[in-house]
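Participant: Chains as they are written, first to last, in the working numbering: chain S, 713 to 1264; chain W, 254 to 426; chain D, 1159 to 1282.
Keep in mind that a hint or two might mislead.
Sample of chain W residues facing chain S (criterion: CB under 10 Å; computed from the structure) [to be verified]:
1) LEU257
2) ASP277
3) ARG375
4) ALA409
Covered, in the sense of this in silico footprint (three residues per stretch, anywhere, with C-beta under 8 Å from a C-beta of chain S), are these stretches of chain D [said to hold, decoys possible]:
5) 1191-1199
6) 1204-1217
Here are the simulated BS3-like pairs of lysine-lysine, each with C-alpha atoms no more than 27 Å apart in a straight line [said to hold, decoys possible]:
7) LYS1221/S - LYS1204/D
8) LYS1204/D - LYS1150/S
9) LYS879/S - LYS336/W
10) LYS749/S - LYS1204/D
11) LYS336/W - LYS877/S
12) LYS1110/S - LYS1039/S
13) LYS1242/D - LYS809/S
14) LYS1110/S - LYS1204/D
15) LYS809/S - LYS1204/D
16) LYS822/S - LYS336/W
17) LYS336/W - LYS1204/D
18) LYS1189/S - LYS1242/D
19) LYS336/W - LYS749/S
20) LYS336/W - LYS988/S
Quick caveat, the hints were computed from the structure, so don't treat them as lab data. All values derive from a computational prediction rather than experimental measurement. Yeah, the Cβ is synthetic: ideal placement off N, Cα and C, and Gly gets one too.
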Amino acid sequence: MYRYDEIDRQMLADRAAEFRAQCQRRLAGEITEDQFKPIRLMNGLYLQLHAYMLRISIPYGTLNSAKLRMLAHVARTYDRGYGHFTTRTNLQLHWIKLRDAPDILDQLAKVDLHAIQTSGNCIRNLTADPHAGASAEEVDDPRIWAEAIRQWATFHPEFSFLPRKFKIAVTAAKTDRAAIKVYDIGLRLHRGDDGALSFEVLVGGGLGRTPYLGPVIAERLPARHLLSYLQAILRVFNRLGRRDNIWKARIKVLVATLGAAEFARHVGEEWEASDKAAVDLPDGELARIRAAFAPRGFETVPPVSRVFEAAKAADRAFARFARNNLKAHKQPGYAIVDVSLKAPGETPGDCSAEQMEVVADLAQRYSIDEARVSYEQNLILPHVKLDDVPEVWRALDKAGLASPNIGLISDIIACPGLDYCALANARAIPVAQSIALKFQDPDLAEKIGELKVKISGCINDCGHHHVGHIGILGIDKKGEEYYQLTIGGSGAEDASLGQILGPALPADKVTGAVDQLVGVYLRERREGERFIDTFRRAGIAAFKEAIYADAA
Amino acid sequence: MPTLLRWRKDAAVAGDDPFTAVADDQTIPRGDVIISLGRFQSEGERLLGECRQIGVRVASHEAVETLADDLPRLAVVALEFPKFRDGRAFSAALILRERLDYGAEVRAVGDVLLEQAKFMVRCGFDAFEPADGSTAAQWTAAAHRFRHVYQRAADARTPAFAERAGKAGADGL
Amino acid sequence: MKALTANRLIDGEVVFWNAGAWVERFAGAELFEDDAAAESAEARAKAQVTLLVEPYLIDVEAVDGGVAPVSYRERVRALGPSNKPDHGKQARGGEDIEALMHAHGAARSTGRLSLIRRPTASSG
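All chains, please: the whole structure from these sequences, using the hints.
Facilitator: Below, the structure is given as structure tokens:
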């Protein structure tokens, strides 16, 4: 992975010192809260219901053991001994004090971690395919480009006061594990027959109050022009994006208003007028970043591991784990191991300091010192030899990190909701816990198969409900928590927005409704169909009827 | 009269402002004036013919390219921040400097805050009317907080990737 | 009936106004029957810019065992997160916490008076 050099480190140190000085000015009353708020946000510090929340950046979801151990240390020392991994692959700490924030940033900087631009109307953390460097289907490591963009975007003097937040996701595989179609800018790498790399550029996707799937505005942008083209997009957005209405300020609204073709024309004009050579990275710098991501440490081992096969045969529980929580690796004899943060009954995405340390040890010992965060709020050990998987599983199991439920009904995405978040209208965590417990029987969960349930406590949709196979949106109906169900959404390469099933349900009816939807699926499904496939073939009627026919 | 800070030789210096900012409904006094873009479009030709320096104030929603042909004759372009969060003037400043080759004064007016000093200097602003009572010394310090920068902008700072290449060159790599 | 709340600047803790001082337990909050007194306290609080972030008034009502905020959101602020009973103010226990936890009846959506359309009649 990328190693920060002296320049990168000095950036973090200077930023931490700047924020320390800014906090002092605020505490002395030299800046108002209104003036301080964007500064605090651009350093990842929100004021929430109970305390400040610090959102620590995990660029393209990549961690190593040193970083994990520092996150555990910070969680323990300055918070309540745990953290929450988000749908943006960042880590949130929910009990932070402003007076500790400068010290925390200093600590994080020791392992090249920071909270730069994880909030505010600026370019946010870059996300990428969590299988980068491990997947056989990628044409390049998307993190090379994510790191290039990250540096370009950091403290960008022109783009720090945009109309609204700005999020960019990168993938280099056809299977979309980065949800690029619902991002402000989604980037997919392609390799031509001549070997040349290019980007398919999608602009104007997004979730929230007005969800959109981003249209393609450039089919094959030569990779070397990535940054100059991004600059053109950002400049058009900065100049033309709406600033009068917070709900209309994202780039998705600008693209929808102008139309994709007209928007693309604006960008093209700006791009042609610009001095591309001043922005695009020289080959030497790209090569330097690329070299940092070069695969190293893979051993040559047989594609089939006798140890692994024997363990599966001997232990049903391990076999179940292998069925659900392993993904194919490009290197023969290796696997990508999913670490579930969705033990039924627990808070989805939460991870204790002790658990972080377990993952750190496993990453260091068994995964070439790498771990990943996925936007589905789970962790990943990307490079584990099949021979080592049984040992890894035992350690994960002991730490409560081995629920064999990846992609299944209890692998729920849920935002913190009204339990923590000042923006929320309803709670999301108890809904997730109830559903996960209802379907905790692993045989039942496997029988149902892939079913992505996504829960948001408000329309901002941090829980991605618009792209859930079953989406659940918490609303406030006369002061009570009600939940609107949607069906048929997907955040993958087959992206679609969910359809509303009917009027919102009170909290105590939600799990039962999900159960009925599952019942319809099990009744109607044909061979090989996942829940989403049955819905797409059979339509909404049967699902609607199951919940609302007896809602009289 | 708000304090005017000018950026000279890498530092902010407080000084007198020879310009009078004139609202659209005010009579234009004698001497150097800054007027709105709209007013410049109707009265600019006449004013430029008189013996005084003219500056134009551009609102955040107005396109600075409108002034392209007149720039050689303008002493000041004042870019407005109606609210400090409105970052359109950063783009306008860069376009003035990098695309339109404007070499005279680019001034930040409106809700201009110390904590944006480093962004403003990088985007090519060289004069500021702070709205928060901040001083020249504070602006100088704020603009120098970062030892490195990642991008090229309108200032002369070497971006990190060029620093790295320079170092590599020096090491004979 | 109203109470005045804010977050403390230095640590983000939820606090409640009591006769010019700030307390951490909702049970210790001063209760205002009189709008003018409430608004005067709010104005004083808003001047404490280096102590607090965004003070605002909330509706409260009598419930079994005490007083509770009308709004569900403000009850969460007064208690803590429902998924972690040992985190937040609820962990301190006591009768007042019990009363808050068991406050029932439909809660009005937001706690902030300025966002709630006031009823035209005299109902509270």
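Participant: All hints, please: hold or fail.
Facilitator: Now for the hints, and whether the structure bears them out:
1. Interface restraint check for LEU257/W: the shortest CB-CB distance to chain S comes to about 21 Å, outside 10 Å, so the restraint is violated.
2. With a least beta-carbon distance of about 22 Å to chain S, the hint placing ASP277/W at the interface is violated under the 10 Å criterion.
3. With 10 Å as the threshold, the beta carbon of ARG375/W comes within range of chain S, its nearest partner Cβ sitting at about 4 Å, so the hint holds.
4. Evaluation of the ALA409/W hint against chain S yields a violated restraint, the C-beta minimum of about 13 Å exceeding 10 Å.
5. With 0 residues bearing a CB less than 8 Å from a CB of chain S, the region 1191-1199 of chain D misses the requirement of three and the coverage assertion fails.
6. With 4 residues bearing a CB less than 8 Å from a CB of chain S, the region 1204-1217 of chain D meets the requirement of three and the coverage assertion stands.
7. Our distance criterion of 27 Å between C-alpha atoms is broken by LYS1221/S and LYS1204/D, whose separation comes to about 42 Å.
8. Simply put, LYS1204/D and LYS1150/S have alpha-carbon atoms about 47 Å apart, too far for the 27 Å limit, and the pair is violated.
9. Restraint check for LYS879/S and LYS336/W: satisfied, since their Cα atoms lie roughly 23 Å apart, inside the 27 Å limit.
10. Pair hint LYS749/S plus LYS1204/D holds up; C-alpha atoms about 16 Å apart against a cutoff of 27 Å.
11. Pair hint LYS336/W plus LYS877/S holds up; C-alpha atoms about 17 Å apart against a cutoff of 27 Å.
12. For a cut-off of 27 Å, the pair hint linking LYS1110/S to LYS1039/S stands: about 21 Å separates their Cα positions.
13. At roughly 19 Å between alpha-carbon atoms, LYS1242/D and LYS809/S fall within 27 Å of each other, so this suggested pair holds.
14. Between the alpha carbons of LYS1110/S and LYS1204/D the distance comes to roughly 51 Å, so the proposed pair goes past 27 Å and is violated.
15. The suggested pairing of LYS809/S with LYS1204/D holds, with an alpha-carbon distance near 21 Å, which does not exceed 27 Å.
16. The suggested pairing of LYS822/S with LYS336/W is violated, with an alpha-carbon distance near 36 Å, which exceeds 27 Å.
17. Under the criterion of a C-alpha separation no larger than 27 Å, the hint pairing LYS336/W with LYS1204/D is consistent with the structure, at around 22 Å.
18. Annotation: proposed proximity of LYS1189/S to LYS1242/D holds, straight-line Cα distance about 25 Å (limit 27 Å).
19. Simply put, LYS336/W and LYS749/S have alpha-carbon atoms about 14 Å apart, close enough for the 27 Å limit, and the pair holds.
20. The straight-line distance between the Cα atoms of LYS336/W and LYS988/S is roughly 31 Å, outside the 27 Å bound, and the hint therefore fails.
Checked against the numbered hints given earlier, the structure breaks hints 1, 2, 4, 5, 7, 8, 14, 16, 20 and satisfies all the rest.
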